[in-house]
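Enquirer: In case you want the letters, here they are:
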Amino acid sequence: MTVFRDRWNFLRLLRHSDPGTLAAIITIGVLHAVFPAIGAASVGLLISGVDADLTVPLVVFGAVFLLGQVSSLAFRWAKHLVVSGVNLRHRAEVARLAVGAPTVDMIEPKATQDLFKTAAADPTEWVEKTPGDGAIGALRIIFEYVGLISSAIVVSYWSFWLVPALIIPALVTRRLATRLWVRHYRIWVDGIEHHRRYQYWGELTASRSEAKELRIFGLADWIIGRHQYDMRAHLAPVWADDRAMARAHWQQFAITLLPLGAIFGAVGFATVANGTDVGIASAALAAGWGIFTAASGVGPMMEMEGARPGLAAFAALKDSLERKSEVQHLQPLSVTRAPHIRFEDVHFRYERGASVTKGLDLEIRPDESLAVVGFNGAGKSTLIKLLAGAYRPTAGIVTADGRDIGGIDDWGSHLAVVFQDFVKYRLTIAENIALGRSGPVDEAALKSAIAESGLQALVDGLPAGEDTSLDASIDGGVDLSGGQWQQLALARALYAVKSGARILVLDEPSAHLDVRTEQRLFDRLEQLTEPVTTILVSHRLATVRRADRIVLIDDGKIAEQGTHEELMSLGGTYARMYRLQAERFAAGFDDRLEEGAIV
Amino acid sequence: MTNISKYARLLASLLGICLRREPAVTAFLLAAMAVNAVAFAGIGLALKYTVDSMAAGAAVSAAIGGVLAALAYAADRTVSGAASAMRFHVMEKVGHIEIEPGIMRASAELPEIDHLEHQEYLDRITAIRGRSWAIVGSAWNAVEAVSMGVRLILTLLILGAASPWLLLMLPCVVLQLWFDRRAQVRLKRSELVAARNQRAQIHFFKLCISGSAGKELRVSGVGPQLVDRQVAAAEQVRASRSRALIASGCWRAVGWTVFTVGYASVIGLVAVQVADGAASVGDVMMAVTIGALLRGVLDRALQSTSDASGAARVLEPYLWLREYAERRGLSRTDVPAPRRLTDGITLSNLTFSYPGTDRNAVDDLSVTLPAGAVVAVVGEYGSGKTTLVKLLAKLHRPHSGRILVDGDDLAEIDTVAWRESLSAAFQDFGRYQTTFAESIGLGDLRHGTAASLDAAVTAADADELRSRLPDGDRTQLGSAFGGIDLSEGQWQKVALARACMRPEPVVLLLDEPTASLDAPSEQAVFESYMDRAKSLGRSIGAVTVIVSHRFSTVAGADLILVMKEGALIESGDHDELMRSGGLYKELFEIHSASYLGAGK
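Chains as they are written, first to last, in the numbering used here: chain P, 1 to 599; chain V, 1 to 600.
Bound conformation, chain P alone:
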């Protein structure tokens, strides 16, 4: 029974297809399945009619043959529609599940990400199949039975007792073949970790970032050795099984030959002995072989087997994400000015991780400019994620005008954030900017965002202007340098400001900019006409001096706060950091540009 339930689960995926496609695949599939049997019958008709007028049998025979071919072409088309249709809905559901999770820490853990990648059903290896493949596999098995039965009907014209004698061995060979392939599949999948590793070692030999070290430290032989080691660890058992599988073909040979030989011999003998029609005998011979071919494919079984992990991953994701995203009663925050924000004894720790934020208290007043500084790993970025609502505190509360931001429906719309790892959309410049805010594109806001972020010169220099695609792999597309991308991300945030966001957050906005560009950037920000609260995170202390207030985060808490002068005279961590940094040249970060992608 479990077999049927399993197949039913695959068949249920077909509900994602529209009724038209479904009707097409079923009609075409059934026709396609019965044509071998009809073909065999028409052969019989032809042979019986040899002595008489052959016109009709010949036309029938030709028509059946041609329709058989056409149905196979049509089946390919219908199959494509079904498979791609099911996959399309499946991937959209997976994406919606991810996008619908209210906070980022729900989708960030490694295990969840692995589930997403498995559920993506984007096959790179032969063992991986998509849900659409699985669904069509289950359907194809049904069609195989239709083919089997129709051939059996033709055979039964000669004699009914041949039917079980053919069907049983045909199903037995299929079962044997499937068992062998499923075993083979599992052996292959067992070693997938080694497979990934040897692919990694292979890539390393032509990788850009490792190229210099690879030569200086003479790593070629070592890497090739590791490749060969992991390759053998994965494939040695597979290769051993290849041989076992080839040998096992003897069983299939015997199970095919014995019944088929006996029956074909018997048909030949009995037709003569009983004086029955040669045509019917010929049809029985052709259809007899048809039974064997109808039930021989292991393809559908492998399609279902390969689709299983993706579907299981999707089910697991759905289970865990939907359970965690319980619906709350959310209300919008109806203000048009910057709200008053408070962090009250906020704690945050990652699932199974150490605490990052340990009792943080912070007040952010409307329209002030606040700078956040601290060493790597002190919790600066976590603070921003908590403010953005991407993470929810494990203890404590973040409020805006006294209300928990977790309970505010439109909290995102009050924020404009340039994250350190901002998104690079492979779309046009204009689309990249307009994705700062959902809803219809505001052309005026777009124009001023381009101007105020300093992108105008770049846009003017491009053939298609703001409609230039940033996907370098298509015609007319360009790639931007790190600094240009960062300006684009800033433009996106400014677009959100123009659309009403009143809290502007900049997380290391100048990491890819040289000192002069950075100066100009901050000059522009000071000239913003909109009254906004600005929160700047930076490790370049020279850039934070201008802020109204500086807070230093150390070990997940606010350690020092005040103006630059106050903190310098305090003589604490900030002052020490500042003096260390003052010894650095601020001329720029790297000269990777001389090799890399510039427009």
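One should not assume that every hint holds.
As the list claims (entries may be wrong) - Some chain P residues close to chain V (C-beta under 7 Å, calculated; not the full set): (1) 64; (2) 116; (3) 219; (4) 255.
In short, the hints are calculated from the structure, not lab data. Glycine included, every Cβ here is placed at the ideal spot set by N, Cα and C.
Chain V: place on chain P using the hints.
Expert: Then chain V, alone, in the frame of chain P:
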């Protein structure tokens, strides 16, 4: 040599390798192809014999014919099943063991790194890396194409012997092939369009599931919009493929119509001859059977010829890379690398430009780096600092000018030996997805010891990191294989430790090695590096070249090189450069102003 004969020789040599590596399996595969061809013809002949015997009323002959037909069917199917599995076996085995290492060497053993800037090279290496089985497979496709040809000829012979009229099927077959070709062209054209939308679909999907993009999507609220874009891109792929399948299906249907008309007419002709007594009923059965099977043979013949011609897609890059590696490959010389420096390194009129650019990245640069000196290189973006470092490591070949090491031309010194006497840390270091100890140990594969590992970890200020690793030195690094994910700064410390593994490098190259470190960590690392540089300088005359923005390091160097647009515009120590009032002084003052200026 023409391309065809080049490919033919390559295919022959690939088959030779298969025969040497897997003699039994290769012999089996060749035998299987022969058996298949015979069994295939046997099906038609046996059925003819059966039907003829039935019509003639010979019961025993009919029974024997039936058994033979069953034998031919069973043999054809079993042998081709076993052969296809074993064929993949031999392709994979020979590919991974014999061919893949060669492909890896064709990139890893090129002495320079210019090829990574070379699009022609990159396209080819991506086309074949990890696909060595396809290279071996192309040899087998060629064999299969030949065997299909034999099968076709055999079939035609049998048909022709029964009745020459049956050969009329051949022109129909050819026409059908032509239509099929048209259909394939149509499909291929649609793939180009589909590929773009497919990439877009994957791009949006990845953004939707990504945690780092997720923050931004939640703030801007555009997540659902991205899902819509993903669906739209997928719909485009689906629709364009569907259209292509319909169009190509129509071409193929026309082809099959032509074939069917010919097929049915030929059978009709034979049937007419049966009435005349010139042919038997069995001939009709055979024509029917073989005609129908002929389509299968055709399909596979088509497939294997198109595979064989498509093989150029993997064979061309493979041959190209082999030739490239032969031309540009490592040539060893017998000039040894120095174990210590007495005079130093002299650069004279050194010039280099990247392929595809018209500007010199290093432009007519002449200077002497004295033995034992710490040399700092400063300059703005794209001034050629990194390129200079790479030229010293022989990672690029100068276009003109020379580098003399204690008077010996660096171009003459054996590259492997020279590299063994260097150590280096770069801003774009490798992130090896292996254990902590191995990641660092790579810095000195030959002589590394536990003690040198300890010292290297300390020198890179990575002791604290090491103490926090869950499985100690055997902790797997990087998320690719389930290891711990390090921060940028932590990865950099691992790279720095790696650069400390070699005990006595005569040249130490440090290209912004601390860009991702915190100020305190950076200071600790620099102090230990400088101590080491000075002591190696005293003991073996080692030269240390540092590219850095850290003012105190630069100021403390024995020699400062100031570069601008590839040229050396100033050199000297800190005091000299400050007095001369050039670019160095200007850079220094921008720096001072941003930190020491009068507040807002």
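Enquirer: Now tell me, hint by hint, if it's right for this structure.
Expert: Structure-based check of each hint:
no.: 1; hint: 64; in the structure: violated (10 Å)
no.: 2; hint: 116; in the structure: holds (4 Å)
no.: 3; hint: 219; in the structure: holds (6 Å)
no.: 4; hint: 255; in the structure: violated (9 Å)
The structure does not agree with the numbered hints 1, 4 stated previously, though it agrees with the rest.
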